[in-house]
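If you read the sequences in order, they're chains R and Z.
Residues 1 to 250 (the working numbering) make up the first sequence, in order.
Residues 1 to 442 (the working numbering) make up the second sequence, in order.
Source of the hints: derived by calculation from the structure; they are not laboratory data.
Treat the hints with caution; some may be incorrect.
The calculated lysine-lysine pairs, modelled on DSS-like cross-linking and capped at a C-alpha distance of 30 Å, are [what the hints assert, rightly or not]:
(1) R:K165 - Z:K397
(2) Z:K346 - Z:K292
(3) R:K108 - Z:K397
(4) R:K122 - Z:K397
Taking beta-carbon pairs under 10 Å as the criterion, some of the chain R residues facing chain Z (in silico) [unchecked claim]:
(5) R75
(6) V80
(7) P91
(8) T101
Note that the structure is a prediction, hence the values are computed from the model and not measured.
Every residue, glycine too, gets a C-beta built ideally from N, C-alpha and C.
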Amino acid sequence: MLSINNLQASVEGKEILKGINLIVNSGEIHAIMGPNGSGKSTLASVLAGRSEYEVTGGEVVFEGKDLLEMSPEERSHEGVFLAFQYPVEIPGVSTANFLKTALNEVRKHRGEDQLDAMDFLKLMKEKAKLMDIELSFLQRSLNEGFSGGEKKRNEIFQMAMLNPKLSILDETDSGLDIDALKIVSNGVNSLRSKDNATIVITHYQRLLDYIIPDFVHVLYKGRIVKSGGKELALELESRGYDWVKDEAGE
Amino acid sequence: MQETLELKQRLLAEFSYREQLLNGNTETPLEILRQDAMRRFAELGFPTVRHEEWKYANIMPALSIPFISPKPSILTADEVKEFYLDEIKANVIVFVNGYYAPEHSNIISEEIKISTTSQVLKNTEGVSQFSEISGYKNETFTVLNTDLVTDGAWVTIPDKVILDLPIHILMITDAREYAPIFHPRHTVHCGANSQAHIIYSSYTIGENSGFANTVSEVSLGQNAVLRQYIIQNDNDSAYSVNSSYINQERDSNYSAVTISLGGKFIRNNHTSRLAGENSEANFYGLVLGTGKQLIDNHTLADHATPHCQSNELYKYILDDRSTGVFNGKIIVRPDAQKTNAYQSNKTILLSDTATINTKPQLEIFADDVKCSHGATSGQLDEESLFYLRSRGIPADKARALLLHAFATDVLNHITIGSLRDTLDKSIAIRLHDEDDDIVIVE
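When you get a sec, could you build the whole thing from the sequences and use the hints?
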């Protein structure tokens, strides 16, 4: 589904990603871990098409297409979804109407019929239940005045509505209490299928008790320095990152 | 400078001519007042950009337009029809080029008195209330309006009347055959414990320029509530200067929402004097500037007594070569302790050639007050734009959505739901954010 080959990227002239290689297949969950400043969020941003990051080398192929050539909205239409580390507050735009606009744009691209307000509401009710979100919440301005946990839940709710092929969760667990973490994880798990894939970017192993990854990668100084199964996450939890740094030749 | 003289001389000549028609009957209180105003106008003349209050609003180009004081103009019902607010049942009072058009007006509510300025000025008591609030002597356009007043609505809301239906004052400029200049004067008296809504809207028929020099004088009695909605949508060669003078007695509550859409040059002077304790004034404004429009909002919240509150929010979306001006003055007089006064001006500039000039002016002479002001200007928030795009919304649509949301913040202060919805729709169309199929949860 996704093939990242020797991806290099910089921001404001500073090189952050120094040659990332990663293959993600349908049905897989990949966890990307690493210390602060290792380039985890940069990778997520580059995949979603944030303009302040400049790709200086390598390629990203998604479902046979050059992902890096696409605008952020085209990536979304093709089935890429980024759950933001810091979801943006947008006063004056209700979550419901924003999502209806977004979903219909995606459906248009897929050659599906537009949903009217009634059908949309039905779908929204169903997905809101999944994420334990009150409907009144969706009438409010997008993320405005939401708590950290509410914002993250809203991200996964949007993911459920848009039904992407590849979801990238950028530190979705950071700052969540255990109840919110369970709700978010349940949401992600219930959306899992053999046709989609997820990249979970996290700083903490705790999330991986709830979302069980098939592969764990350690990102350090802009490169993936170690890959393994879910047991790698446990090892990182008990031993910290220092031994990885040592192995990387620091 | 030559042109300045020209319009000024023409207006003074018009005044002298009108005076001759009185056949020497010039000693009435009204004529004495008008003569005084004429002398003041001769002294003051039109402001140039060297005048601090007119620094960014250059009126000089208007003075070379061959404006003519109009004769009453007759419009057909069909011509007026499109300007009614169909979805709102209201008391409608229509003026064409400043003249009352009874054939297009419709007063339904029996509990209020609606007359016209020309009628009221026929009796001495009316004259004593004319220019009572504005004081008229200091500001050129108000002086000129006092000189040459065309006509206008004269509304009296008696004590304790809670008016169900709004009053809609519809001002139409007929600029089909020539460029008219006229001087509407509206007066609104709200009795103690009364409550009312007034909608003002202005439109142009025809392609010529028009110049509406409007003055409104409004008084709120004790505990009165008045909400005014001002919709400015003239053609793109129209000039207007709108001076509103509000006087508020104890416990009164005044709000105004001014929506500036069409017009080449719009200058709004909105002044409220918080003359009685615990009174509250709220000014909101939304400006959508395109082309070479200039839209200038000058506000003054004059806190004269303790425990009063004023709150201002003006939002501008400026595109092309348009210019916005916001000058918000707050005066807190020595007695006005425990004043709360807030002011905010936010602008989104959509082009490199659009300009906003914003200036807060706080003059505080009391020591126990809370005053704040803030101004922001810039482009649309890139992070918000990226967020929407990452969800599949194309860049153009995402921009429109964000601009519409920015504007909605002001529209939400309109308490007549159907008016808010109508305006919201027309603003959505202007910002290309059209969606008739809104999701309403529950």
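Hints versus structure:
{"no.": "1", "hint": "R:K165 - Z:K397", "verdict": "holds (24 Å)"}
{"no.": "2", "hint": "Z:K346 - Z:K292", "verdict": "holds (20 Å)"}
{"no.": "3", "hint": "R:K108 - Z:K397", "verdict": "holds (14 Å)"}
{"no.": "4", "hint": "R:K122 - Z:K397", "verdict": "holds (24 Å)"}
{"no.": "5", "hint": "R75", "verdict": "holds (7 Å)"}
{"no.": "6", "hint": "V80", "verdict": "holds (8 Å)"}
{"no.": "7", "hint": "P91", "verdict": "holds (6 Å)"}
{"no.": "8", "hint": "T101", "verdict": "holds (6 Å)"}
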